[in-house]
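Engineer: Letter by letter, the chains look like this.
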Amino acid sequence: MFKLFRRDKREEPAHPEVQPEVQETEEVGQPSTPGAAVDEPEPVLSDTAIAPAPALLDEPEEAQEPEDETLSALDETAGDEAEEVADEIAAEEDEAQPQEKKRRFGFFRRDNREAPARESLLKRVSSVFAGRKIDEEVLEELEEQLIMSDVSIDTAQHLIGELRAAAKRGEVPNDEAAQGVLKREIAALLGREASPLRFAENGPTIWLFVGVNGVGKTTTIGKLARRLAGEGHKPLLVAGDTFRAAAIEQLQEWGRRSDVPVVAQQSGADPAAVVYDGLAAAKSRGRDIVLVDTAGRLHTKSNLMNELSKISRVIEREAGTPPLETLLVLDSTTGQNGLVQAQAFTQSAPLTGLVLTKWDGTAKGGVILTVARETGVPVKLIGVGEKPEDLLDFDPQAFADEMFS
Amino acid sequence: MLSSLSQKLNKTFQKLRGKGRITEADVDAALREVRLALLEADVNFRIVKDFIARVREKAIGSSVLESLSPDQQVVAIVRDELTELLGGHAQRIQYSSQPPTVIMLAGLQGTGKTTTCAKLAGHLKREGKKPLLVACDIYRPGAILQLQTVGQQVGVPVFEMGQSPPPQIAKASLKYADQHGLDVVILDTAGRLHIDEAMMAEVRAVQEVAKPQEVLLALDAMTGQDAVNAAQAFHDTIPLTGVVLTKLDGDARGGAILSVRAVTGVPVKFVGVGEKLDALEAFHPDRMAGRILGMGDVLTLIEKAEKQFDEKQAAAMEEKLLQGNFDLEDFLSQMQEVKKMGPLENILGMIPGASRVMANNPSVAVDEKQMARVEAIIRSMTPQERRDPEIINGSRKRRIAAGSGTSTQEINRLLGQFRDMKKMLRQMQAMASGKTKMPRGFNPMQFMR
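If you're matching them up, the sequences are chains A and B in order.
Heads up: the first sequence is residues 20 to 424, going by the working numbering.
Heads up: the second sequence is residues 5 to 453, going by the working numbering.
Everything labelled a hint here was simulated from the structure, so no lab data went into it.
Treat the hints loosely; a few may be bogus.
When the alpha-carbon atoms are kept at most 27 angstroms apart in a straight line, the in silico DSS-like pairs for lysine-lysine are as follows [said to hold, decoys possible]:
1) Lys134(B) to Lys62(B)
2) Lys280(B) to Lys329(A)
3) Lys129(B) to Lys280(B)
4) Lys179(B) to Lys134(B)
5) Lys215(B) to Lys175(B)
6) Lys373(B) to Lys320(A)
If you want the footprint, here are the derived chain A segments under chain B, 3+ residues with CB under 8 angstroms [stated by the list, open to error]:
7) 176-187
8) 193-205
9) 221-235
Covered by chain B, according to a simulated footprint, are these stretches of chain A (three or more residues, beta-carbon under 8 angstroms) [unchecked claim]:
10) 166-173
11) 242-256
12) 316-326
Just so you know, even glycine gets a beta-carbon here, dropped at the ideal spot from N, CA and C.
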């Protein structure tokens with residue numbers, strides 16, 4: 020498992036195999052010089068990039084392995100070990116397989132979580148119960164565990180209240196039952212049913228990605244583009260982050276990797292104008308899904324939030340409808356500020372969904388319970404690793420299970 | 005303006021006013037509010053627990069129980085403890101006696117390492133150093149170009165070797181700095197998860213090669229409970245020497261920094277307060293303490309108030325108010341007290357009880373110019389007139405108006421307001437009969453428009 024993660028890291032630099040397929044990107048997105056700067060060293064250095072690794076890691080065996088793998092094939096779904104993953108993903112396409120989905124979460128998480136720091140809520144809940152009956156002390160400890168998962172105090176108290184009520188009704192004879200109740204209530208907060216991303220029936224589907232700085236908007240779009248392309252869609256990426264240095268090139272690199280065109284203007288351009296171009300390009304080139312990247316912005320900056328409204332308006336004007344999905348990307352490590360973010364962003368660009376990123380760390384992302392509870396916006400995607408395949412459809416039940424796994 | 009915590013504490017203690025003595029249980033009730041405030045600010049649960057225990061000990065042992073204003077006392081203790089936990093005073097970069105000084109930035113993905121590197125480089129350059137930025141993030145697409153771009157913006161050279169192994173890059177960059185007479189090397193490393201063993205091994209390898217004087221953790225101010233785990237893991241792998249708290253220009257309370265301080269003990273060296281490349285500031289523990297508590301700089305004002313308000317004088321004033329013996333002389337002296345402390349609006353919020361008035365009556369805006377005129381009017385009165393405004397007749401008014409450069413209408417208005425105020429005070433006194441005491445430092449200014 021771990022090898023799988025590890026290999027990944029080194030695969031990226033060795034990515035040049037994908038390069039020949041760049042043309043399409045080039046046609047659309049224009050800044051050619053900076054783009055070249057990014058990929059230029061790759062082919063040259065890819066060998067050296069990998070070779071010295073063993074020395075550094077003191078784990079020659081493990082480290083050498085990836086070398087062959089990487090050099091052989093990356094574009095073919097990231098090496099052998101990743102096949103499993105790919106299978107899982109494929110299974111998902113068959114749909115109506117909740118079992119599979121659930122397992123997928125576990126697949127990514129369980130083996131990777133061993134350190135004491137990653138002690139799961141389940142273990143903690145079990146240890147809290149250990150032979151005790153549910154009394155106030157136990158409930159208090161449970162509340163503590165929830166709060167330590169970034170669940171807000173209000174939401175934690177709500178969950179504990181439900182558990183207390185269930186206990187009064189005699190439904191909680193043991194810790195297993197208690198977990199059951201908590202899982203049920205957590206899933207209920209998240210809307211129980213998975214809420215998949217929506218596709219337009221006619222005309223291009225437009226998804227807008229928003230969020231504060233550094234949450235992983237561009238990476239999410241890059242991964243999603245790969246997945247959509249793999250599923251036979253014809254995505255188009257729009258580099259709406261014209262502010263951050265190299266954000267455009269970052270998106271273009273993702274486009275290259277998945278052979279998906281990217282519409283971009285120069286850095287500093289009006290993002291609404293880029294979006295306008297992007298929509299026009301999608302129409303003229305027959306692309307069916309437009310993924311719009313935007314610059315990270317703190318929700319407290321009114322000028323930047325106005326800019327976002329403008330982008331949203333331009334989409335509505337050009338497409339006749341608001342973006343089919345306006346997705347707020349939230350970092351799992353985010354604390355209570357997540358709620359404020361969601362509330363502020365939905366004012367400027369009404370949100371239709373959340374994307375929870377970086378869930379492969381030790382952060383539990385409990386703030387989404389509060390966000391979902393307070394705003395009613397469903398979580399649609401969850402990022403559980405660095406590979407494109409690690410961006411999964413969100414399933415409330417599986418998430419609740421995972422919080423206890 | 006007055007923040008949630010002080011309002012809550014105020015409320016908690018208001019219930020207790022007139023109870024005579026405040027008990028340990030009352031302090032606990034107040035500390036529950038503090039606990040909630042800290043948890044809402046994302047301070048780690050366990051750290052909050054320890055913190056509250058420590059504050060409780062101090063509060064019980066101190067004069068809080070006898071204090072006339074236990075809420076302010078508790079807040080003051082909390083603030084002091086927080087400030088201490090946050091590290092006393094601002095910390096600076098440690099330079100190597102033998103250049104180049106190496107500074108390494110590390111952290112989770114998306115915390116703002118690259119931006120911080122550039123800000124830091126710009127800052128050091130302004131201080132007369134000759135920094136070099138080094139691109140050790142070989143994974144994220146566009147990371148090198150990003151560093152090159154921001155490096156150019158701050159006018160600092162950027163060293164890169166494409167996707168070479170980061171330890172090699174670091175090593176080569178030191179040589180480069182040496183050859184080119186650059187005295188500070190800033191290493192921008194890739195964002196990594198603290199549980200990713202391979203990536204953590206890599207960052208350790210970089211650290212071993214480059215032997216940085218400063219190893220700074222970039223911490224996002226919006227981070228939640230998990231900050232302790234990440235900080236601990238980074239600290240265990242590459243002993244940190246400091247933290248840079250980023251994205252502090254948002255509205256996150258930034259309690260994570262407290263967690264990180266508690267876990268690692270390393271000081272906060274800088275805070276990032278904007279997307280512009282000069283938006284890097286020194287860290288002020290006291291301001292941060294206020295922010296975490298959700299109080300802004302009001303805490304600083306409380307401190308000022310503590311210095312300015314003489315306890316005895318305040319008690320005497322309270323007595324006067326209650327007796328209805330309040331005259332224009334007192335009015336003036338109160339006004340002087342208030343003026344010593346700074347902008348009026350902030351101060352009104354600090355005065356116990358005033359926040360309530362202001363909350364019920366948001367239109368109470370205080371005009372500083374108006375205050376100056378009022379002061380001039382009172383100063384143009386004779387002592388006798390100040391003590392007994394009733395004797396002020398038409399000719400006295402004309403004299404006062406001439407002396408203060410105002411008009412008789414303004415003097416009439418002031419006298420009218422003063423009469424109304426006295427009337428109101430008497431009513432309040434009647435209402436208060438024994439049940440609630442007049443809050444200390446009650447200030448007539450709040451009735452002025």
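Engineer: Taking beta carbons only, do three or more residues of the stretch 221-235 of chain A come closer than 8 angstroms to chain B?
Structural biologist: Result for this restraint: holds, n = 5.
Engineer: Checking C-beta pairs, does the stretch 242-256 of chain A have three or more residues closer than 8 angstroms to chain B?
Structural biologist: violated (count 0)
Engineer: CA of Lys179(B) to CA of Lys134(B), is that 27 angstroms or under?
Structural biologist: holds, 15 angstroms
Engineer: Taking a Cβ-Cβ distance under 8 angstroms as contact, does the stretch 176-187 of chain A have three or more residues in contact with chain B?
Structural biologist: violated (count 0)
Engineer: Going straight from one Cα to the other, do Lys129(B) and Lys280(B) come out at no more than 27 angstroms?
Structural biologist: holds, 16 angstroms
Engineer: Do three or more residues of the stretch 316-326 of chain A come closer than 8 angstroms to chain B, measuring C-beta to C-beta?
Structural biologist: holds (count 4)
Engineer: Within 27 angstroms, alpha carbon to alpha carbon, are Lys280(B) and Lys329(A)?
Structural biologist: holds, 22 angstroms
Engineer: Mind taking a look at whether chain B covers the stretch 193-205 of chain A? Criterion is 3 or more residues with CB to CB distance under 8 angstroms.
Structural biologist: Result for this restraint: violated, n = 0.
Engineer: Hey, Lys373(B) versus Lys320(A), does the alpha-carbon distance stay inside 27 angstroms?
Structural biologist: violated, 32 angstroms
Engineer: Please verify whether Lys134(B) and Lys62(B) have alpha carbons no more than 27 angstroms apart.
Structural biologist: violated, 47 angstroms
Engineer: Taking beta carbons only, do three or more residues of the stretch 166-173 of chain A come closer than 8 angstroms to chain B?
Structural biologist: As far as the stretch 166-173 of chain A goes, the hint holds, because 6 residues have Cβ atoms under 8 angstroms from chain B.
Engineer: Hey, Lys215(B) versus Lys175(B), does the alpha-carbon distance stay inside 27 angstroms?
Structural biologist: Measuring from Cα to Cα gives roughly 10 angstroms; hence the hint holds.
Against the hints set out earlier in the document, violations occur for numbers 1, 6, 7, 8 and 11.
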